[in-house]
Structure formats: structure tokens, C-alpha cells
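In the working numbering, the protein residues as written are 1 to 643.
If you're looking for bench data, these hints aren't it; they were derived computationally from the structure.
Take the hints with a grain of salt, since some may be wrong.
Unchecked claim - Capping the alpha-carbon separation at 20 Å, the derived lysine to aspartate or glutamate pairs in EDC-like fashion look like this:
no.	residue 1	residue 2
1	Lys499	Glu478
2	Lys377	Asp119
3	Lys441	Glu75
4	Lys343	Glu375
5	Lys377	Asp367
6	Lys368	Asp336
7	Lys511	Asp534
8	Lys133	Asp399
9	Lys362	Glu346
10	Lys286	Glu313
11	Lys85	Asp119
12	Lys300	Asp256
13	Lys368	Asp415
14	Lys371	Asp318
15	Lys24	Asp44
16	Lys38	Asp256
17	Lys348	Asp318
18	Lys85	Asp44
19	Lys362	Glu374
20	Lys371	Asp415
21	Lys88	Asp44
22	Lys106	Asp415
23	Lys511	Asp476
24	Lys379	Glu410
25	Lys379	Asp87
26	Lys511	Glu554
27	Lys275	Asp265
28	Lys444	Asp399
29	Lys238	Glu251
Claimed, not checked - Simulated restraints, written as ranges between beta carbons of each label pair:
no.	residue 1	residue 2	range
30	Gly496	Ile303	36 to 44 Å
31	Tyr285	Leu20	50 to 58 Å
32	Glu306	Gly465	35 to 43 Å
33	Leu20	His168	40 to 48 Å
34	Gly134	His69	19 to 27 Å
35	Gly465	Arg47	54 to 62 Å
Since we're looking at a predicted model, the values are computed, not measured.
Beta carbons: idealized from backbone N, C-alpha and C, even for Gly.
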Amino acid sequence: MITQLGKSGKIEEAVKLFSLMTIKNTVTYNSMISTINKNGKINDARRLFDNLTHRSLVSWNTMIAGYSHCDRVDEAYRLFVEMPKRDKFSWTLMMTCFARNGELEKARELFDLFLDRRDVAFWNVMVQGYGQKGRFAEAKKLFDELPLRNVISWNSMLSCYTRNGEMHLGREFFAGMAMRDVVSWNLMKIPYPNVVSGVTMLCGLARSGKILEARRLFDQMENNNVVSWNAMISAYLKDYQIEEAARLFREMPNRDSVSWITMIDGYVHVGQLGKAREILNQMPYKNIAAQTAILSGYIKNKIMDEACQFFNEIAGRDIACWNTMIAGYAQMGRMDKALDLFKEMEDKDLVTWNTMIIGYAKTGEMDKAVKIIEEMKIKNVVSWNSLISGFLHNGLSMDALNSFKVMACEGIIPDHSTLACGLSACANLAALQVGKQVHVKVLKSGHLNDLFVGNALITMYAKCGRIFSSRLIFDDLEEVDVISWNSLIAGYACNGYGKEAVQLFEQMVLKGVRPDHITFVGVLSGCSHIGLIDQGLKLFKNMSEIYSIEPSVEHYACVVDMLGRVGMLYEAFEVARGLKVREDARIWGALLAACKTHGNLKLGKIAAKQLSEFEPDETSSFVLLSNMQAEACSWDEVENTRL
DNA sequence: TATGCGTAGT
Numbered sequence: 001m002i003t004q005l006g007k008s009g010k011i012e013e014a015v016k017l018f019s020l021m022t023i024k025n026t027v028t029y030n031s032m033i034s035t036i037n038k039n040g041k042i043n044d045a046r047r048l049f050d051n052l053t054h055r056s057l058v059s060w061n062t063m064i065a066g067y068s069h070c071d072r073v074d075e076a077y078r079l080f081v082e083m084p085k086r087d088k089f090s091w092t093l094m095m096t097c098f099a100r101n102g103e104l105e106k107a108r109e110l111f112d113l114f115l116d117r118r119d120v121a122f123w124n125v126m127v128q129g130y131g132q133k134g135r136f137a138e139a140k141k142l143f144d145e146l147p148l149r150n151v152i153s154w155n156s157m158l159s160c161y162t163r164n165g166e167m168h169l170g171r172e173f174f175a176g177m178a179m180r181d182v183v184s185w186n187l188m189k190i191p192y193p194n195v196v197s198g199v200t201m202l203c204g205l206a207r208s209g210k211i212l213e214a215r216r217l218f219d220q221m222e223n224n225n226v227v228s229w230n231a232m233i234s235a236y237l238k239d240y241q242i243e244e245a246a247r248l249f250r251e252m253p254n255r256d257s258v259s260w261i262t263m264i265d266g267y268v269h270v271g272q273l274g275k276a277r278e279i280l281n282q283m284p285y286k287n288i289a290a291q292t293a294i295l296s297g298y299i300k301n302k303i304m305d306e307a308c309q310f311f312n313e314i315a316g317r318d319i320a321c322w323n324t325m326i327a328g329y330a331q332m333g334r335m336d337k338a339l340d341l342f343k344e345m346e347d348k349d350l351v352t353w354n355t356m357i358i359g360y361a362k363t364g365e366m367d368k369a370v371k372i373i374e375e376m377k378i379k380n381v382v383s384w385n386s387l388i389s390g391f392l393h394n395g396l397s398m399d400a401l402n403s404f405k406v407m408a409c410e411g412i413i414p415d416h417s418t419l420a421c422g423l424s425a426c427a428n429l430a431a432l433q434v435g436k437q438v439h440v441k442v443l444k445s446g447h448l449n450d451l452f453v454g455n456a457l458i459t460m461y462a463k464c465g466r467i468f469s470s471r472l473i474f475d476d477l478e479e480v481d482v483i484s485w486n487s488l489i490a491g492y493a494c495n496g497y498g499k500e501a502v503q504l505f506e507q508m509v510l511k512g513v514r515p516d517h518i519t520f521v522g523v524l525s526g527c528s529h530i531g532l533i534d535q536g537l538k539l540f541k542n543m544s545e546i547y548s549i550e551p552s553v554e555h556y557a558c559v560v561d562m563l564g565r566v567g568m569l570y571e572a573f574e575v576a577r578g579l580k581v582r583e584d585a586r587i588w589g590a591l592l593a594a595c596k597t598h599g600n601l602k603l604g605k606i607a608a609k610q611l612s613e614f615e616p617d618e619t620s621s622f623v624l625l626s627n628m629q630a631e632a633c634s635w636d637e638v639e640n641t642r643l
């Protein structure tokens, strides 16, 4: 009964029933632990588990499954080690837990250890694990080695392809399944065509934008169930075909909670909160996930009063619901409100703590973010990434780098995003040696072809003056994007290779990559450094005329600098004076510097005067001006300026 | 083994 209630989402009733029961055996406890786990209250489940004097193998396995489900690998593993006896299920559970968290090598270790006793489930877990990490070639190798495949093996392999966007291979594999294995399906008494593989394929098609093909498949499938209906509805929603989705939703024979939530979220996603609430009101059992979807709708639309009121009205809020509300306040910079909720919350998970770090990082209160991470008993890579990127965004690159080191000391494996942040910190500090050490970590980690990491490497080497290393990184990347080009162009520019910057810009355009405003800052500054006036002015003109990019202050500053450097001071002055954008200190600063180089006192005075209006406290412009005056031997004016 | 949503970092 408890299990039944748990399955239909009536957790509170299950808890009530459990507390009313006078005689409870281990099986009762196990059902309750499993039910609570599925509801995400792992700590409550653990308390029950700890109170249980006669634990069975199932109790241990259930608890490990619970930890696995919320990605608490260490705790799962501790139980796995502690448990008095293990069965095959314990091993597969632990492998799944490792695989889910990307710790494939550890999963593989268990797989290899179990050698002669492993059955098809072991292989399937590994195939799935490799598939989730995009390592479908390794998955296929295992799949081919599998002595006896069941339908799960086939479907797991199929989803390796579809989840990784390998639709050519996926189609081929799907077709192959249909061709050769009808006999074995029959032997295994599995209905064919199998609806699970159909849905796997359908979702793959939808993800790659092939909605029509997905729909054809859906129409061909004779054994559509609620899952395939849900998948089709979701495909339409993601393709913004809301009406078609709504039509299917109305027509479908049965709906489950996923159907309702999918539809609600579909409306939330396009900002139709009213429609979303309408659907919620029609829902027979309003579960928390559905209400949380609406809550996040209010938050996304920054309707915080409504969000708060709605949140307070939700009965039986779970951790995710609290986290959504806290994150909402954090996004709005209302850390006071976020902290109130944080204190009020009984069961916090990693996401809760991480959200607080991110919130404080956003408001620039890094001391508070540090305090939070210090209080955390369990931290994961996201906790550290949040802190490190917080330091980075607040201009504290040294602190970012230190945290990067502390994290490594605590034995947390950096992911692609940690590495990218570490490299950015090195770039900002021009710390070449540390940068190289991080590069070694990148090589060891297998994140070399990650775009964020690759782009960060390009910038790091460029800012450390090693532009040829940047170039090598760029050339070795399997795939580049506009940011990679921008990083390399800006790198050449700031190292004084203006011509190469322009050439790269041309190559980029030839390859069909559309330049953005940052590309132009890079290439224009490259032109200005080496006095490529005509080239630079042409690019500046093309920027708005061909690429429809409105020039910003940065671009104007480049042009003023460019003209100023070669002594075209009046032209530079005209540009500065006729700005379409809000005038900016950087522009007049560039002009003043140019006037200093070319000894034009008259314009220099005007520039300094303009500059003083933007930055009255900044004295460097006056120092520059007075030096100019000194060079021009107008000592009286020097006295005036210095006073 | 398939579907949804929400919370976390580049």
C-alpha cells in the first residue's frame, strides 16, 4: 500500500499511513525508504534507515539507489563498502551511480572486478554510461562484445547515438534492429516494433529538428503509449508549435503527470502564464513539479510578488520548489530574501547551497560566498565553479586562482568549466607558468576539444604574449566558433600583429562565420596598433553597412586611437565630437594620448577638458597634459595645470 | 532501456 501511494505521488498519505501502522517489519521500512527517496527527501530516508535495526539486503540497496538518484556518489559508495553482503543488484546500482556521475573509470573497475559473474545488466549499465558521456564508439565496442543481448542492450545502444546527435548512425542502427531481430524479439516475447526504441528514435529526430519525420514515426507506431504521446507533444512544444501540441494533448487517450507538466511548461516557456495556470487548474492531482513549473514562470518573468504568494500557497513543497524560489531571489539580487528562505529551509541539498554562492557572487558579496562554501560539508564541482567564476566576474583573479588550487587539494576533479575559469584567471594575471600547468591539466582531463576550454586557452596564451601557442591551439581545435576567432584575432591585435588580425578576419568571413561586435573591437585595435588606417576605416564602415552592427564606444575609441596614432588629430577630433553613442572617457583619453605623442597642445587641452567632465577625480589626464605643456615649453600653463 | 519539469557553473 505504501509503495502504491508512493508510486502515485501521494507521499503525505504514505507517510501518514506509515506512522499509523503499529507493527512494522523490514519490508514496511524498505517501502517507506524507497518512497521518501523518490520524493527527493534523502535525509529523511537516511534517518529511517539508521533507525532500522534489522536491515535486509534490500534496505541497503534501496538506500544506495537513493543516494545514486541524487548524485551523492561518495555516500552511496560508503554504504556499498559498509554493507555486510552484496548481490548483483548492489553492484549494478553502484556502477550506475558512478556512470551517472561521469566516473566511468570507477564503474568500469567494478565491471571488470565482477568478471565471471556479470550478466547482461552489467554490460547495459556500461553501454549507457559511455553513451551518456558521448563515448559511443566505446559503447559500441562493448555492445559488440556482449555475449547475449536483450532489448535493453539494443535500446541503450540506440540512445547512445540519438542522445549524441549521431542521427545517421542512429537511423542505421534502428533500421538494423527492425531487419534482423524480429525473430529474437519473438523469442523474448517482446512486442515489436518496440515502443521504447520508437520513442528513443522519435526524441532523437525531434532534437535534431526533424519534426515531420518524428511525426511520421509516431503515426506509424501501432503501440503508442502515454510516453510516446508525451514525447510527441514535447517535440511540438520545443518547435514552438503550441497549437499542435495542445491538440494532441486534448486528443490523447490517457494523461499522466508528465503530460500535464509538459503542457504547463510549454505555456510557461512562451510566456503564456495564464494558459499554464488554466492547465494546472484542470489537473486532477496537482503535484509539486507542476506547481514549481508555474513558480519558475513567474520568476522568469520577474513577477516576484506573485511568485512569492504562489510559493506560499503550495502545499508540501519539496527541495526543488524551495530552490526555485531561492534562485529567483538570487537572480534578482535580493540576497536578504534568499537568506531568509535559506534559514527557514529544513532539508537543503547541494543545489540550495550552490544557489546561495551564485547569488552572493552576483551581488559581489564574495566574502559571504566564501563563508557559505566554508560551511558546506559536501561540495561538488559546481560549488567550486560558482565560487571561482564569482571571483573572476568581480575582478578578483588571484582569489579565483587560489580557489582553483584549494579545490584541487580537496580532491575535486575540475571539469571543463573549472578549467576555463582557471585559464581566464591566468590570462587576466598574465600568469604564464600557472597557465601552462592548467594546460597540462586540460590535456590530462580530456577536455581539450571543449570549446570553452579551447577558447580560454587561446586567450590565456595570447594575453601572456605567446600568440603562436594561441595559433597552435586554434588550429588543433576540432571545431571553432565565433568566440574562438575573436579570441585569436584579439590575441594577434594585442601582440602587435595587426596585419595578421586583418587576414584572420578575412579568413573568418570566407569560412562563413559571421563576425560580431567583439570581432570588430579586435580587428580595429589591430589596425590601430600598426597604423593600418585605410584598412581600419574600411572595416569600420563595413561594420554597420554590411554586418549591421551599430558601433559602440569601444569601436569609436579604436578609430580615434587609430587616427590619433598617425597624427590625423583633427580627423580623430571630428570622430570624437560627432559621436552617435554616449560620449565616453575612453574616447577623449585616446585623443589626449595621441595629442601627447604628436605634441598638439591645442587639441590636447580640449580633450583633457572633456575628460575631466567624465572623470573629475582622475588626475592622470592632467599629468599627461602638463607633460605635454612642459615639452612645448609653456611653463606658465604647466603651473596652471598642476595647481 | 523511452517521455516532462524545476534548481547549479562556462
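Given the hinted pair Lys238 and Glu251, is their Cα-Cα distance within 20 Å?
Roughly 19 Å separates the two Cα atoms, so the pair holds.
Restraint status (C-alpha distance of Lys441 to Glu75 at most 20 Å)
Distance of about 27 Å is beyond 20 Å: violated.
Would the pair Lys377 and Asp367 pass a check requiring their Cα atoms to be no farther apart than 20 Å?
holds (18 Å)
For the range 36 to 44 Å, tell me whether the beta carbons of Gly496 and Ile303 fit it or not.
Hint violated: Cβ distance 51 Å, outside 36 to 44 Å.
What's the verdict on Lys286 and Glu313, does the C-alpha distance respect the 20 Å limit or exceed it?
Satisfied, since the Cα-Cα distance of roughly 12 Å is no more than 20 Å.
Is the straight-line distance between the alpha-carbon of Lys24 and that of Asp44 20 Å or less?
holds (17 Å)
Holds or violated: are the alpha carbons of Lys133 and Asp399 at most 20 Å from each other?
violated (31 Å)
Are the Cα atoms of Lys511 and Asp476 separated by 20 Å or less?
holds (17 Å)
Regarding the pair Lys275 and Asp265, is the alpha-carbon distance no greater than 20 Å?
Holds, at about 10 Å.
Lys38 and Asp256 were given as a pair; does the straight-line alpha-carbon distance stay at or below 20 Å?
With Cα atoms ~17 Å apart, Lys38 and Asp256 stay inside 20 Å; holds.
Has the given pair, Lys379 with Asp87, been kept, meaning a C-alpha gap of at most 20 Å?
Violated, at roughly 30 Å.
Could you grab the alpha-carbon distance between Lys444 and Asp399 and see if it respects the 20 Å cut-off?
Since the Cα atoms of Lys444 and Asp399 sit roughly 24 Å apart, the hinted pair is violated (cutoff 20 Å).
Checked against the numbered hints listed earlier, the structure breaks hints 1, 2, 3, 7, 8, 9, 12, 13, 14, 18, 20, 21, 25, 26, 28, 30, 31, 32, 33; every other hint is satisfied.
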